[in-house]
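K.L.:
Spelled out, the chains give:
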Amino acid sequence: MDKTININLGGTLFQIDEEAFRILRDYLQAINNRFANVQGGHETIEDIELRIAEIFQTQKGLAGVVTRENVEAMIAIIGKPEDFDHGEPEITAPVYTSDKRRLYRNPDDIVVSGVCGGIGAYLDTDPVLFRILFVISAMFGIGVFAYIILWIALPVARTDSQKREMFGDEYHKVRSQAAKTGDFQGTETPIYNTNYNSSTKLGNAINEIFRAIGRVFYIIFRIFLIMIGVVFVLTGFLFILCFIMIFVFNYPGVFSVDSSGVSLIYFFDFLNYIVSPKAVPWIVILSSIALILPMLALIYWGVKMIFWFKARDGVVNLAGLVLWVMTVAALTIIGFNEGINFAQTAKTSTETVMPHSPDTIYVRSDKKIADLKFEKELALPHKEYSVFINDEKKELYIRPILSVDRSDSRITSVEVKKESAGSTEMEATKKTEDLQFNYRLNGDTLHLDEYFTIPAGRRWAADNVIVNLHIPAGTIMKFVNDPRIMLRSSYRDESDKYLHSWWESGNGVWVMTRDGFEPVDEYPVKHK
Amino acid sequence: MDLENNKAQMRKGILEYCILSVLSRNSCYASDIIKELKEAEVIVVEGTLYPLLTRQKNAGLLSYRWEESQQGPPRKYYELTDEGRKYLIDLDKSWQELVESVNLIRTR
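Residue numbers (the working numbering), protein chains in the order written: chain X, 1 to 528; chain L, 1 to 108.
Chain X on its own, in the form it takes in the complex (with noise of 0.2 Å):
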């Protein structure tokens, strides 16, 4: 005797055979395909179930068991889904040829993203081939590759019109085939693979099996992107709470730019002197959107990537494209509008000669960055310079440069250059009398202060103090004080050219010699 099967169709309890069961099972999964992506296509489904139900039941009573014969006769009633558009079961569509084809990944003959099964049907060949071809290939690396970018390339034909596309002409037999046999298939070997699938049963065992590795696979690749999601998740939180600590509550803990330990976390501070002040609060607003931006963005594909979910994103990500660049192109017009203020230096100098040229010269520092009262130091990159703020005098102070080269003549001077930015060399020329620097002669003694003032008021222009000792060769010149803060870290002469670093004399003793300054080991000098 044939087994029946017990089914729920619509609410209503139904026996069934074994054979009528596949074709029934068969027929619900075309109309599922025809209506799933359908708008309002459940409901379409479940009218559909009902109306076969009632079909049944009027056919057999409740008791009897549902046959071949009756499902058969159902489906004469409704129609195949094919038909339901065209109304008319010989109607055919219009005739795609072949040059009309086109490549898609197939959704009813899926092993891993329905590539190969698109390019079988686009080639009219059993995807097995492709299949082993591209695990061979893969053997070598390249499959996965080339896998991978046909799996991102190729749409997946969603539509019966795509579906058309990606068959051509063997569409239509193949369908018209299924249609007489009355073989409807599922998901798992859909109607439009019908001839293909008769081919061999090799070719299905082979299938199946790499169906099985297929969904390795796609664990494998999941697993991947999940770890990719977790990243793109880390950085992006660890990024917003970095410029959270930094720039809101100033703290620069683990995360120091510099190894100095003082870093640019007071550049929003900052700001203040360098731009006009009602620019402050814009840039403050548009840069933390430009930074964090990216950040929300990459929390979000992350999330994505971790959690395998499609949104219709696209606006938001379009939107969030546009605002950044919106962003990004205020800031550019607001730092071209502040960058004309910085558009021109000029340098005003005041040379003093020494009466007498001294065997000796010392140097003093006068005020000592020591003594001075600052509550932000903040370190610019490069050249080492350094500006230390008091918000409560609304003063910068910058240290100088100090520079030493010899003199052809036997005259000693002290040349000090005030540089300063400004939109045009007049108003340059104009800010550099703004930068207020003591330094004075007395006797061999040279008094300089350690660091020049910007006063309250005046906003910070790249203003540089640069003091020019011109000494004679033969002149010994000596630091009273700790010379690292006067020569930086480095000493350099006037054309910029690395000579030595300050730790180089011990004692912070040098000489000028006729091949360039030299520190000194001991004092008094022995001459070379």
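Calculated directly from the structure, the hints in this document are not laboratory data. Quantities reported herein were computed from a predicted structural model and do not represent experimental measurements. Do not rely on the hints blindly, as some may be mistaken.
[What the hints assert, rightly or not] Partial selection, computed: residues in chain X whose CB lies under 7 Å from chain L:
(1) N8
(2) G11
(3) T12
(4) L13
(5) A53
(6) A73
(7) I77
(8) I78
(9) D83
(10) F84
[As the list claims (entries may be wrong)] Cβ pair distances, simulated, as ranges:
(11) E18/X x E83/L: 21 to 31 Å
(12) E68/L x M227/X: 54 to 64 Å
(13) T58/X x V102/L: 36 to 46 Å
(14) E83/L x L129/X: 32 to 42 Å
Note that beta-carbon positions come from the ideal geometry of N, C-alpha and C, so glycine has one too.
Using the hints, position chain L against chain X.
P.N.:
Below, chain L without anything else, positioned relative to chain X:
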């Protein structure tokens, strides 16, 4: 030219109009609508009707209520909404115009 194809296209165009017309006379089950449409040879298979009913219902032209059936599972009892009625009047007009246009050309 493919005559069958042409006929099918014409039927397809008037199918929604026919459904609304059947329902304008009296509210009924899907199977009643199918019976009438089949007799008039507007449709061949029943499956054609269900997606259309869903679409018209979602468009607010139809509404339905469930009714118990003696012969089987509960059935949907369809009727026109006010909007559906208005829409049908528009379709009636369009149909009249279409018939007149075709006649005008044919009898010239």
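K.L.:
Hint by hint, note whether the structure agrees.
P.N.:
Each hint, compared with the structure:
| no. | hint | result |
| --- | --- | --- |
| 1 | N8 | violated, 11 Å |
| 2 | G11 | holds, 5 Å |
| 3 | T12 | holds, 5 Å |
| 4 | L13 | violated, 11 Å |
| 5 | A53 | holds, 5 Å |
| 6 | A73 | violated, 12 Å |
| 7 | I77 | holds, 6 Å |
| 8 | I78 | holds, 5 Å |
| 9 | D83 | holds, 5 Å |
| 10 | F84 | holds, 4 Å |
| 11 | E18/X x E83/L: 21 to 31 Å | violated, 48 Å |
| 12 | E68/L x M227/X: 54 to 64 Å | holds, 56 Å |
| 13 | T58/X x V102/L: 36 to 46 Å | holds, 41 Å |
| 14 | E83/L x L129/X: 32 to 42 Å | violated, 56 Å |
Hints 1, 4, 6, 11 and 14, counting from the list given before, are not met by this structure.
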